[in-house]
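With the hints as a guide, bring both chains together as one complex.
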Amino acid sequence: MLSRTADHLYWMARYIERAENMARVLEVTYSMSLVPNAAQSEAALWLPALEISGNIDDYESEYDTVNAADVIHYLAMDADNPSSIYNALRNARENARAVRVAMTSETWENINALWLEFDQFNGQDLAKNGLREFCDWVKARSHLFRGVCFGTMLRDDAFSFVRLGTFIERADNTARLLDVKYHLLLPEQEEVGGAVDYYEWSAVLRSVSAFQAYQKIFSDTIVPWRVAELLVLRRDMPRSLHACLDEISAILEQLSGSRHTECRRLSGELHAKLRYGKMQDIFQRGLHEFLSDFIDSNNILGAEIQRAFLSINAS
Amino acid sequence: MGIFNIQQRLLLMQKSQKMFFDEMQSVVANADEKRVRDIYTAYQHWLKDIPHHQLESKRQEAELLFRRVGITFNVYGEEDGAERLIPFDVIPRLISAKEWSTLSAGAIQRVRALNMFLHDIYHSQEIIQAGIIPSSILANSQYRPEMFGVDVPNQIYAHIAGIDLVRTSESQFYVLEDNLRTPSGVSYMLEDRKMMMRLFPELFRRYSIAPVDHYPQVLLKNLRAVAQTSIQEPTVVLLSPGAYNSAYFEHAFLAQQMGIELVEGPDLFVRNNAVYMRTTQGPQRVDVIYRRIDDDYIDPLVFNPNSILGVPGLLSVYRNGGVTLANAVGTGVADDKATYIYVPEMIKFYLGEAPLLENVPTYELSKEDDLQYTLAHLHELVVKEVQGSGGYGMLVGPAATKKEIEEFRLRIVSKPANYIAQPTLALSTCPTLVEAGIAPRHVDLRPFVLSGKTVTLVPGALCRVALKEGSLVVNSSQGGGTKDTWVLEETKVLEETNVSSIEESQPAAIKVAQKAEAVC
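So the protein sequences, as listed, match chains A and B. Take the first sequence: its position 94, counting from 1, is numbered 94 in the numbering used here, and each next residue is one higher. Take the second sequence: its position 293, counting from 1, is numbered 293 in the numbering used here, and each next residue is one higher.
Among these hints, one or two may not hold up.
Said to hold, decoys possible - Below 20 Å or equal to it, Euclidean Cα-Cα: the simulated SDA-like pairs (lysine to any residue) are:
hint, chain 1, residue 1, chain 2, residue 2
1, A, K273, A, S258
2, B, K194, A, T104
3, A, K139, A, S209
4, B, K453, B, K194
5, B, K194, A, L154
6, B, K403, B, V218
7, A, K128, A, A113
8, B, K194, A, E262
Just so you know, these hints were derived from the structure itself, not from any lab.
Here chain B stands alone, though its shape is the one from the complex (with noise of 0.2 Å):
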C-alpha cells in the first residue's frame, strides 16, 4: 500500500536477487571482494580521502547556486510559486571514451533509421509492404494522417532524440526507450557539467573530461540547416507553452545559449502561408520553430482545439513548407513503446547493418503467446501501457502489492495491445551522496542525439539516479535526482603529481569530443 512497504519489498528483491553492477565497484566472479573498475580508480582514490561534511557543504553550495539561478521546475497541480530543484548529486557518472563510442555510435545508427522509418510511414510505407512492422502501426494514435505525404527537408524528423540507456553488466547496455517528441533535460547536462566545474576544479585539472557546452551551438548549427526558405539568415525561434510549464527553465535556457527568440504561442500568428512574430517594431517572419509543444496542442484549427497554445494555423503552413518545425509533426509514432519493439529490425531494414545496441527484451501483449506468459509472471514483470509516459502507467511486478497486479490484470486482459511487458531489469547502481554518507543508486543515462546534415551527439548526457534506496524509477517526477556524466580519455588520466597545469589536460578532452562527434 505505502510507499514504505513498496520500498521493503524492493529491498528484498534487491537481496534476493544478484548483486547489481556497480559503475564504480565490480564483484568479482563468484567472491565476495570487490574491484574498483579501472576507469573509476583515481576518482575513487580522491573521493575516498574527503570527508562526508565536506561533499554534503558542496552539495549545499550546489543546491544553493540552482535555487539563485533559478534552476527550477513547476510541479504539476500544485500552488501558483511552488518552484522545486531537481536534487543534484555531487559524485558524477564516469564512462571510458572507448564504451562511449560503442553507446554513441548505437545511438546514432539508431536515430538514423528512426528518421528513416518516419520518413517511411509517412511516404510509401516500404516497411510494411515487406510484413516487417504491422499495418496496424497506421492505427497508432501517434500516427498524424495530416503528416502523409508532407516533404520535410533533408528528411528529418526527429532533429533531437534522447535515447534512454540503461546497464545491467560491464558489458550489457540496453536501450530502454526512444524519446523523439519533445525530449526534455539535456539543460542540465549542460548545467550539472557548469556545477561540477565550479565545485571541483582540480578533478577538472586532473581528468581528460570531455566537454559538453557546444550543445547549444551544433544544435543552432542544425536549426539553421532545415529553414524551408532559402533566405540567407533564417529566423529560429524556440516555441514554450509558458512559464508555468515544467520545463521552462530548459526553454529559456536553451532559447538564451543559441541567442534565438522564446516565444509563445500567442506571439506568434500566421498569414499567406507564412508564421511570423509579433514584434516591437511590427511583423517579423519566422523561419524555424524549435517547438517544445506536443503535438496535439500545436495547432488548434487541427488538434485539440482548446488548445491555447498553439498557433492557429500553423500545420497548414508548416505542410505547405512554409515552416519547419523541430522535430517534426507526428514522430511519436516512432518513439511509442508499441513500435519499440521494431527498432533493431527497422536497423536492419533501412542501413543493412545489425543493431550496435540492443532493446530490452520485451513481450507483445497482442500476441497470445506473450500474453499467456505475461499473465503468468505479473509479479515479476514490469508492465508498460503503450502511448504513455512518464512512470505513471506502469507495473512493476516486484514491487507491487497483490491487489495492484490484480487489478492491473483486469485492465491487461480487457486491452492487452494496449501493453507491453518486460523484465524488471537490474539497473546499474553508481555511488551516491545520500544522509548516511556514500550509497548505491540506480542510474540510467539520457545522450542527446542530434540530426542536421550529419547526425552527432556531444560527449556527454543526462544521467538520471533514483535517490531513493532500491527504487528503480529515475523520472524527476518521481523523486529522481541527475548526477553529471563524465566522458573520460582512460589512458590521459593523470597522476596527480604530475598535475601542473589545466593547459595539459585540455587537448586531450578535446580530442575526445572530435572523436565522439566523428563516429557518425
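Okay, chain A solo, but in the shape it has when bound (with noise of 0.2 Å):
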C-alpha cells in the first residue's frame, strides 16, 4: 500500500487512541477530586494529569494556576494545546478523511460521525458539568473506532497500521500514567509495597479498565507493586506493556516479511524485556527509570517504524 497512505491510518488510530487515554486521565483525575478525604490541593491533583499529557510549560505560559476548570478546558477542549482531546479527535478525522478510500465505508462514517457529534460539546464548560458525560463519549467512540476496524476491514496491511498506531499509542499512555501516578501517589517514606490510599489506587486502576482485572487476578487489597506489575508485565491485561507489544512486535514480523528492519528488531528487543522480565528485577532497579527508558524506546521504534514504512521519502 502507499506509503502516506499507511502513514494517514496509523496516525489516526494512534490520534483516537490519545483522546481516549486522556480522558480516562480526566476521568480519574475528576474522580480523585471527588473523595471526600482527599488531603491533596486542588493543584497538586490536577498537576498529574498536565504531567501526563506532557505538556505542563505549554499550560503555564497559557494559564496562572493549576486548577481543575483551567486543567479540565486544556486538556480537553483547548484548540491551542496540540494534544487536547479536541485537537486529537480532528487529527483523527483529518487524517482519516485523507485516506477514507483505504478504509471501509462503515470505518470513515463512524469517524465522521464522531467529528460531527463532537460539537454537542462545544462551547460547554465541561468542568461545571458534563465532564463524565464526555469522557464516556470519548471512550465509547474509541471503543466503537476499533470494533468497527475489526469487524469490518480486510486483513491487510491497512488494519495492520490501524493497529500498530493504537498500540504504539496505548503504550507510550500506559507507561506515562503509571510513571507519574506511581511517583506521586508513593509517600517518600513510604516502602515500595506499603499501605497506601486504597481510593487513589483503585483510581488508577479504574483509569485503564483493570479494577476488576486486579480484583479477580490478585484478590487481595490493592499495593502499588501488583497495580504496576498488572500494567507492565501481565500480557493477559489488554492495556499493559506486555500486551501491548504482543501486537506490535507481531505486526512488525508480519509487515517486514523477508526486510531486515531496525523497527522489527527494536520491537522484539523491548518485547523481550516484557515477557522474560520479573518484577523484583525492575523495582530493584527502579520502576520509574524502567519506565523512562520504555517510554524514550517506544519512542525509538515509533520513529523507526516511520522510517521502515510511513515516510514518504522511503522509496
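Pasting the structure below:
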C-alpha cells in the first residue's frame, strides 16, 4: 500500500487512542477530586494530569494557576493545545479524510460521525458539568472505532497499520500514566509495597479499566507493586505494556516480511524485556527508570516504524 | 448592484419573455392551461398527495446522511474546515427512454468526433488544411505543442467527457459546452441515486428506472484497457490534488468504487522512463493514471514550475509511452469556447454524419459582423470568455446593470477574439422543493461519456438546478444544487395497483440500461 496511506491510517489510530487515554486521565483525576478525604490541594491533584500529557510548560504559558476548570478545559477542549482531546479527534478525522478510500465506508462514517457529534460538547463548560458524560462519550467512540475496524476491515496491511498505531500510542500512554501516578502517589518515606490510599490506587486501576481484573487476579487489597505488575508484565491485561508489545512485535514481523528493519529488531528487544522480565528486578533498578527507558524506546520504535514504512521519501 | 436587483431583473425577464418550458407541466399552445407531460403523469400523481412537511423531512434526512457520509466540497478561500454540502433536491428529473436514446446517441457522436479532432490536431492537422478550422487554433493557450506527434493508446484523448445539455422546448436540446479536461460531478449522479433509493424505495418499485451504479466498473474497464505496457494486470491509480481540493470527495469516492489507489503527486516518482508509487513494500510501477489535476499542474518540469501537486518528469514518461494519462494532456483545446463553435463541422468532417445535437447559436466576436451585433445587443446576450470556466468570467446581459454592461463592453472592445456571445437561453425548469413548497427552477444536464474500446454512457446524468428563483446559473460555486435523473421506460410504468414485487420492475430497468449502452 501507499506509504502516505499507511501513515494516515497509523496516525488516525494513534490520535483516537490518544483521545481515549486523555479522557481516562481526566476521568480518574476528576473522580479522585470527589473523594472527601483527599488531603491534596487542587493544584497537586490536577498537576499529574498535565504531566501525563507532557505539556506543563505550554500550559503555564497560557494559564496562571493549576486548577480544575483550567486543566479540564486545556486537556479536553483547548484548540491551542496540540494534545487536547479536541485536537486529537480533529487530527484523527483529518487523517481519516485524507485516506477514506483505504478504509471501509463504515469506518470512515464512524469517524466522521464522531467529529460531527463532537459539536454537542463545543462551548460547554465541562468543569461545571458534563465531564463524565464527555469522557464516557470519548471512550465509547474509541471502542466503536476499534470495533468497526475489527469488524469490517480486510486483514491486509491497512488493518495492520491501524492496529500498530493503536498499540504504539497505548503503550506510551500506559507507561506515562503509571510513571506519573507511581511517582506522585508513593509518599517518600513509604516503602514500595506499603499501604497507600485505597481510593487513589483503585482510581488508577479504573483509569485503565483494570480494577476488576486486579480483584479477579489477586483477590487482595490493592498494593502499588501489584498495580505496576498488572500494567507492565501481565500479557492478559489488554492495556499493559506487555500486551501492547505482543501486538506490535507480531505486526512488525508480518509487515517486515523478509526485510531486516530496525523497528522489527527494536520491538523484539522490547518485547523480550517484558516477556522475560521479573517485577523484582524492575523494582530493584527502579520503576521510574524502567518506565522512562521504556517511553524513550517506544518513541524510537515509533520513529523507526516511520522510517521503514511510512515516510514519503522511502523509495 | 446587489444580488436582489439581479434577481428582480431576472424575474422581470422571466415574466416579459415567453414562458419557460417545464419538464413536468408543458403549456398547451395559445392557452393558459397546463398539461402534465406523459413521462411525469404517474410521478405527478404520487407527488401531489405528499404533504410538504413530509418532503421537507425527507430533504432533511438526505442532508443529514450526506453530512454523515462526508459528501462535501471545500470552498476555495474559506478557512480550513469549511466543508459544504451541495444542496440536494428530492424531486427527480425524469427523462423518457426515447428522449434518452436521442441524447445519448448525440453525446456519443460528439465525443467520437472530439477524440478524432484531438488526434488530428496533434498529428496531421487535416481539419486545418481543409479550411474548416482556422490555424489560429494552434495559438490557443490550451493547445499543447508538447503533444504534437505523440501517439496515445487507441487514439483516445477524452476518456471521460461531460457534455452539458440544456433544454428549451419539448423537442429542443442544446449542447452548452463540452468538458474534456477533468470533468467532475459524476459522484453526485451516483450518490443522488443511492439517496433516492433510500428515501423513496416505493418509487423504485413502481417505475422502471434505469440503473447507473455500474459507471465505476465501465470506467475501470476502460482505464485498464488503455495501459501502454503489455502487462496482464495494469496498475491504475487516481491522481488527486488532495483532501483540500473542492472535488476531493469525488476523487476518493471513485477510487474506492474502482478499488484503485488514490494518490497525490508526492506519492509518485519517475525513474527510468516509468512512474512508480511509494508503497510500504517499496516502489510499485504505475501503468495508468486517472488524473484529476489540470495540465498546468501535472509536471512542474514542463508546465507550471511552482506546482507541488504534480510529478516531476511525468510528461516525458508519458510522451515516451511509459504511462497512460486519462484524460490525455492537451484536451483543453477541444473544449475551449473558441473551438466549441466548430464541433458540428467536426462531426461532418470526421464522421460524415449530421450532428444529432445542436450547438447554441454563437457569435464569434473575432468576426466584425458578430462583434457589431453583439455590442449592439449586450443587454440580451450572454457573453463568455474563451479559455474560462465555471461561470466566473461571463456577462449575463439581461441580469447585468448598465455599469456592468459598459465595463464588459470595454473589455470586449479591447480584445474581441477573447469572447463569444450567445442568446440568453430559456433553460427548462423542473419542479423543485423550496421553502414555500414546490416551485419551478432552471436545470441543466450533464451526462458522462466514457471512451474505451467502445464509447458508452450509463443511462443517467448529473442534473444541476439553480435554486434561486429565476436564476439561470446552475454551478455549485454559484449556489446550484443537484437532482437525481431518472431515465424511464415510459411504457413500463406500472400502475400502483399492479405493483407487487421489485423483481417485476427490475428486468425492464436493466433493458433500458443495455439499450442505452448499445447505441454506440
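Comparing the hints with the structure gives:
{"no.": "1", "hint": "K273/A - S258/A", "in the structure": "violated (24 Å)"}
{"no.": "2", "hint": "K194/B - T104/A", "in the structure": "holds (17 Å)"}
{"no.": "3", "hint": "K139/A - S209/A", "in the structure": "holds (11 Å)"}
{"no.": "4", "hint": "K453/B - K194/B", "in the structure": "violated (28 Å)"}
{"no.": "5", "hint": "K194/B - L154/A", "in the structure": "violated (24 Å)"}
{"no.": "6", "hint": "K403/B - V218/B", "in the structure": "violated (49 Å)"}
{"no.": "7", "hint": "K128/A - A113/A", "in the structure": "violated (26 Å)"}
{"no.": "8", "hint": "K194/B - E262/A", "in the structure": "violated (47 Å)"}
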